[in-house]
Amino acid sequence: MPTLSALTASVDATRPTSRRRCLAAAGAAGLSLALASRDGWALAAPAGKVLLSVTGHVASANAPQRADFDLAMLDALPQHSFATNTPWYKEVRKFSGPLLRDVLSAAGASGSTLGAIALNNYKVEIPAADPHKFKVLLATRLDDKIMAVRDKGPLFIIYPYDDSADLRSERYYSRSAWQLRKIDVK
Amino acid sequence: MTQQLPTQPGPRQRQPGHRGPNQRWLIAVGVGLVLAFAAVAWVQWRQISLLSDAARYEGDNLSWSFFQLESEYLQLRDGLRDACRGSSSSSSSSSSSGVAAPLDASTAAALRQRFELFASRLSLVGLERTARFAEFGAGHTRLLDQLTSYIKRHDGLLADAASSTLTAAALAPALAELGPLFEPIHDLSLQANQVIAEQVGRRNDAVRDQTRLGLGLTLFQSLLTLAFAIITARQFRALRQRRSQLQGLADHLQHTRQEADSARLDAEAASQAKSAFLANMSHELRTPFNGMLGMLALLESSALDAEQADHVRTARESAKHLLDLLNDILDISKLESGRLDIAPHPVDLHRLIGEVQVLMQMAAQTKGLGLTVNVAPEVPAGVVVDGKRLKQILFNLMSNAVKFTDQGRVGLAVSVAAEPASGTPLDTQASPSLALRFAVSDTGIGITDMVLTHLFQRFTQGDASTSRRYGGSGLGLEISRSLARLMGGDIVVQSLPGEGTTFTLALTLPACEPEANWRAAEAVTTVAGHGPMLDLLVADDHPVNRKFMAILLARMGHRVRLASNGAEAVAAVQQRTPDLVFMDLHMPVQDGLAATRQLRALPAPAGQVPIVALTADVFSETRARVSAAGMDHFLCKPVLPEAIAATLAQLFGHHAGAPLSAVEQPASPEPDRPVPSTRPTLPSPTVTEMTVPQPATPSSPVDSTAQPRRFSASDVATHLDMVVIGDVCVGVSLDGYRRLLSGFLSDDAASINRLLHALDAASNAELAPLAHAVRGAAASLGLRAINALGREIEQHGLGYDAAQCQATAAQLREQVRNARALCVRMGFL
Numbered sequence: 002m003p004t005l006s007a008l009t010a011s012v013d014a015t016r017p018t019s020r021r022r023c024l025a026a027a028g029a030a031g032l033s034l035a036l037a038s039r040d041g042w043a044l045a046a047p048a049g050k051v052l053l054s055v056t057g058h059v060a061s062a063n064a065p066q067r068a069d070f071d072l073a074m075l076d077a078l079p080q081h082s083f084a085t086n087t088p089w090y091k092e093v094r095k096f097s098g099p100l101l102r103d104v105l106s107a108a109g110a111s112g113s114t115l116g117a118i119a120l121n122n123y124k125v126e127i128p129a130a131d132p133h134k135f136k137v138l139l140a141t142r143l144d145d146k147i148m149a150v151r152d153k154g155p156l157f158i159i160y161p162y163d164d165s166a167d168l169r170s171e172r173y174y175s176r177s178a179w180q181l182r183k184i185d186v187k
Numbered sequence: 017m018t019q020q021l022p023t024q025p026g027p028r029q030r031q032p033g034h035r036g037p038n039q040r041w042l043i044a045v046g047v048g049l050v051l052a053f054a055a056v057a058w059v060q061w062r063q064i065s066l067l068s069d070a071a072r073y074e075g076d077n078l079s080w081s082f083f084q085l086e087s088e089y090l091q092l093r094d095g096l097r098d099a100c101r102g103s104s105s106s107s108s109s110s111s112s113s114g115v116a117a118p119l120d121a122s123t124a125a126a127l128r129q130r131f132e133l134f135a136s137r138l139s140l141v142g143l144e145r146t147a148r149f150a151e152f153g154a155g156h157t158r159l160l161d162q163l164t165s166y167i168k169r170h171d172g173l174l175a176d177a178a179s180s181t182l183t184a185a186a187l188a189p190a191l192a193e194l195g196p197l198f199e200p201i202h203d204l205s206l207q208a209n210q211v212i213a214e215q216v217g218r219r220n221d222a223v224r225d226q227t228r229l230g231l232g233l234t235l236f237q238s239l240l241t242l243a244f245a246i247i248t249a250r251q252f253r254a255l256r257q258r259r260s261q262l263q264g265l266a267d268h269l270q271h272t273r274q275e276a277d278s279a280r281l282d283a284e285a286a287s288q289a290k291s292a293f294l295a296n297m298s299h300e301l302r303t304p305f306n307g308m309l310g311m312l313a314l315l316e317s318s319a320l321d322a323e324q325a326d327h328v329r330t331a332r333e334s335a336k337h338l339l340d341l342l343n344d345i346l347d348i349s350k351l352e353s354g355r356l357d358i359a360p361h362p363v364d365l366h367r368l369i370g371e372v373q374v375l376m377q378m379a380a381q382t383k384g385l386g387l388t389v390n391v392a393p394e395v396p397a398g399v400v401v402d403g404k405r406l407k408q409i410l411f412n413l414m415s416n417a418v419k420f421t422d423q424g425r426v427g428l429a430v431s432v433a434a435e436p437a438s439g440t441p442l443d444t445q446a447s448p449s450l451a452l453r454f455a456v457s458d459t460g461i462g463i464t465d466m467v468l469t470h471l472f473q474r475f476t477q478g479d480a481s482t483s484r485r486y487g488g489s490g491l492g493l494e495i496s497r498s499l500a501r502l503m504g505g506d507i508v509v510q511s512l513p514g515e516g517t518t519f520t521l522a523l524t525l526p527a528c529e530p531e532a533n534w535r536a537a538e539a540v541t542t543v544a545g546h547g548p549m550l551d552l553l554v555a556d557d558h559p560v561n562r563k564f565m566a567i568l569l570a571r572m573g574h575r576v577r578l579a580s581n582g583a584e585a586v587a588a589v590q591q592r593t594p595d596l597v598f599m600d601l602h603m604p605v606q607d608g609l610a611a612t613r614q615l616r617a618l619p620a621p622a623g624q625v626p627i628v629a630l631t632a633d634v635f636s637e638t639r640a641r642v643s644a645a646g647m648d649h650f651l652c653k654p655v656l657p658e659a660i661a662a663t664l665a666q667l668f669g670h671h672a673g674a675p676l677s678a679v680e681q682p683a684s685p686e687p688d689r690p691v692p693s694t695r696p697t698l699p700s701p702t703v704t705e706m707t708v709p710q711p712a713t714p715s716s717p718v719d720s721t722a723q724p725r726r727f728s729a730s731d732v733a734t735h736l737d738m739v740v741i742g743d744v745c746v747g748v749s750l751d752g753y754r755r756l757l758s759g760f761l762s763d764d765a766a767s768i769n770r771l772l773h774a775l776d777a778a779s780n781a782e783l784a785p786l787a788h789a790v791r792g793a794a795a796s797l798g799l800r801a802i803n804a805l806g807r808e809i810e811q812h813g814l815g816y817d818a819a820q821c822q823a824t825a826a827q828l829r830e831q832v833r834n835a836r837a838l839c840v841r842m843g844f845l
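Here the protein sequences line up with chains E and A, keeping their order.
When we follow the working numbering, the leftmost residue of the first sequence carries the number 2, and every step to the right adds one.
When we follow the working numbering, the leftmost residue of the second sequence carries the number 17, and every step to the right adds one.
Among the hints, erroneous ones may be present.
No more than 27 Å apart at the CA atoms, straight line, and that leaves these computed lysine-lysine pairs for DSSO-like [as the list claims (entries may be wrong)]:
no.	chain 1	residue 1	chain 2	residue 2
1	A	K383	A	K419
2	A	K168	E	K146
3	E	K91	A	K168
4	E	K50	A	K383
From the derived model, a few chain A residues whose C-beta atoms are all more than 10 Å from chain E [stated by the list, open to error]:
no.	residue
5	V59
6	A117
7	Q129
8	A135
9	L140
10	A186
11	E193
12	A289
13	D340
14	I345
A few chain E residues that don't get close to chain A, going by computed Cβ distances all over 10 Å [said to hold, decoys possible]:
no.	residue
15	P65
16	E126
17	K136
18	P161
19	D164
20	S165
These are computed hints drawn from the structure, not numbers from a lab.
Values in this document were obtained by computation on a predicted structure and should not be read as measured data.
Positions of the beta carbon are idealized from the N, C-alpha and C atoms, including for glycine.
The shape of chain E in the complex, shown without the other chains (with noise of 0.2 Å):
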C-alpha cells in the first residue's frame, strides 16, 4: 500500500486547479491556513472549541505532537455534501464537511493507517488509503445543522455507501466512527 504522503503529493500534482481555489479562498478570507499548508508553516492555533486531534506522523502540528482543529478551521477547508443511506438512520441523510484527505492534509499527516478514537473511546483502525480512494467525508453537520454529541456528533466518518455495494458492509460501517475526537496517524 502506497504511503499517505506519496499519495497527497500525487493528489497535489494531478489538480492543480483544486488548489488555485484553495488559495483564493486563503486569500478572499484571510485565513493562514492555505498559507501555512502551502509554505510548511506550522498550522494556526485553533481559536474555538477543539473538535479534532490529529496525532502521530502530523508534519503541521499547532499543539505538541498533534493538530488541533476546530469547527471554523474544519469549515474553512473546501466543503463537500452527499445525501446517502446509513445504517442508522431509516432514510437518506444528508452529510456535509470537508473531505477526511483534505483534513490530514491540513495536518501534513503521513502513514499507512488511520486510528480513529471517538469520545467514548470506540476505536477503529482505517487503512490510509480510504480516504483516497473514496470520497469520505469528515461530516460537520447532518442536513446542514451542526451535530451534537446526543446526535453522534459532532464528527461523523461517512463513506459515500451509496457509490458502491461493497461500501455496504461491516467493514466499512465499523470504520464509520462517529462521535469522533481523535485521529492517529501511524
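Following the hints, complete the assembly by docking chain A onto the known chain E.
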C-alpha cells in the same frame, strides 16, 4: 463387432426423424441439468441475500448497542457518584457548605459529556430501530419511557447546552433517580443478548438449510452431470463402434476387392500362360507332325494296292488338315499372347495378288468354280504392308469362299475407296495413304443375319450343320479380323442367304514408290554402268549360296571373289583388301566370327574392311555376338537382293545399291504386273491332281523310283517359298535360278548326300553343321520344306535316336523328291 453388423437391427437402422432412447435421455438430462443450475443459482442468490441481511444486521448490532447503553449508564453513574462524593468529601469539614459548592469546570464538562453520550445511546435501542429485528417485550418499552423521562428531567441541569452551575446537591436527585434504572437496563441487555442469540441461531439455521439445499442441488447436479457424461460416453462409444464397423466393412470390401483383383490377375496370367503354352505346344506339335507327314508320304510312295494308297492318302490329307488347324491355333495363340508382330515393308501388291490368285486358282478349279481377280487401275503397285499377313488374310477369305460355294464363281476385287480413309494411316509423312478395299465375293450358301452376328467369334462356323459339312478350325475368320485390326483395318461382311457373301477387307496403306529392287525388272537399264564397281568377297561354305551371291553381285555390276570358309576369306583379304566382305557365320575350318576377329586384328586397311554377317539366326543374342566380333552389318538368310542393295547403298552410296542392270525379262514364276485377267500368267496346274513325270536322275541321292507325285494347291506353299523364289529370279534371272536349283537338287556339293549319310549312320554329332549347310542353301532357293526340315535336324539332331534318324532321312529324301517334282511341274527344271 463386425460379426454383429449384418444382424443387428437396433438404433443403427432407426427411421430418420425418430430419436433413439439415448438421444431422449440426453435431452432429458440436459433439461434436468439446466433446471438444477437454475435451482443452485437461486439458492446461492438466497444465500447472498441472507448474508447481506446479516451484514445490515451486524451493522446494527443490537446486542452491542444494549451493552453500550449499559456501559454508558455505568460511566454516567460513576461520574455522578464521583461528583457527589468528591464535593461531599472536599467539604467534609463544613458539611452544609460542601453540598452547595460548585464543581470545577472540567469535571462539569466531563460529566455533561457523559450525560450526552448516555443520551445518544438511547436512540440506538429505540423501538424505531429494534422493531425491525426483534421484540423485547413490555419491559423494553417501559425502560425506554423511564430513560426518556429521566433524560428529559435532567436535561436542564446536565445537557451540554445547559449553563447552570453544577453542585453535589443539584446532582443528588439525578444520581438517586439513576440507581433504580440499573436493574432493568442490565436485564434488558441480557434479554437482548438472548433474543439476538436466538435470532442468530435462526439465521444460522436458515443458512444451514440453504446450504443443505444447495448441497443437495449440487449433488443432484453432479449426478445429472455424471449421467450426462455417461450417456455422452455411450454415444461416443457407439459412434466409435459404428466407425470401426464401417472401417471393418471398408477393410473387408477392400480385402475382397484385392482378392478379386488378384484373382483377376491370376486368371489373366493363367490365360496368358495358357496362350503361351498353346503357342509353344502348337510349335512343338508341328515337328512330330512333319515327321508323320513324311512317314505317310514315304508310305504312299511305297508299293501299295489301290485301297491302301487311298487309305494313306486320306490319312495324309487328314494330317495335313490337322497341321492347318495347328497353324491356326498357333496364330491365334500368338495373337492372344501378343507375340504376333506386324512388320510392314514395301510390297508389290500386284504380285502378291497374283500369287494368291495362282494358288486359289487350283482350288477353285477343283470345285469347278470360276475365279475372277479384278484390280482397279488406281490401285498402286507399291504399298507398305506386312505382305505375309495380308496374303494370309486373303487366302483365308478366298479359301472360305471356295469352301462354301458349290457352284458359280468366286471373285477378288481390289479397289481404292472413293473417300479418303478416316482411319489411322500407317504412314502420314512420305506418301499418301490409300484406303484399299479387298472384296472377296462368292455365290455360295450365304449367311443368315443370326449367324452374321457371331460370325467372327471364335469356334463359330455358321452353324453346327455347316461345321459338320465343311470342317475347319473355326479360327480363320477370327485370325483374319484380328490381323486386319492389327494392321489398322477391319473386315466387314455382307450376305444374302442362298445368293452369296462378300467379305471386304478394308486397309489404309501408305503407297510407296515402286523403286525398290523388286521392281528392278522394269527399272532396267537406266543406271547400268554408272555405279562404282566394288571389289567384294563372299565367304560361304555352301556352293549354292556362293553361286547365288556371285551371280547376284555380278549382275549388280561388282567384282566378286569367293571363299568357302573363314580361313580362305582371311587369306583373300590379306592378298587384296576388298571393299566389303559378306561373311557366313557357320562355316567349317574357321567360322565367320573367328575370321572376323582375325581380320580385325590386321593392320589397316585390311583390318578395317567392312564386314556384313550372313546368318539364318535372327536371335538378338546372335546380333550381339556379331557386333561384338566387329562386324558392321547383319543380313538374314535367305538373303534378299533388295537387302543387299540397301546395304551396299548404305555403305557406298546410292549407286552401289543400284537396281540390277541389263536383266533379261525373266519368265518369272510370279506375275510382275497386275493381273486383271482371270488367267494366271504363271504356268500352273489346271487340275488338282495330276501325275508329274519324275525326272530320272541317277546321280541324285534321293530315291527317284517313287510313284508319280500328286499335288494339291497347298503343296506349293508347303514346299516352296514363292516370295524368295521370285526375289532370287529377280536377282539372278530365271536361268540363274534354274542353274542354282538344279545344282542343289542334283547335289553338286554333295551336302544333301553327306547329311543323308550322317543320318543313315546315326552320326548325331555331324548332323548340325551338315543340316545347317543344306538348309542355308534351301532357304536361299526358296525350298521351304527342305529348309524347315534342315533347321529341325540342326536344332534337334543331336538328340535323335536311330529310328528318328532313319525317319528323318526318309523324310528328307521325300522332301527333296517333292521339291524336285514340284519344281519340274512348275517349269523350273
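> Broken hints, numbered, in rising order?
Replying inline: When the structure is compared with the hints, numbers 4, 7, 8, 9 turn out to be violated.
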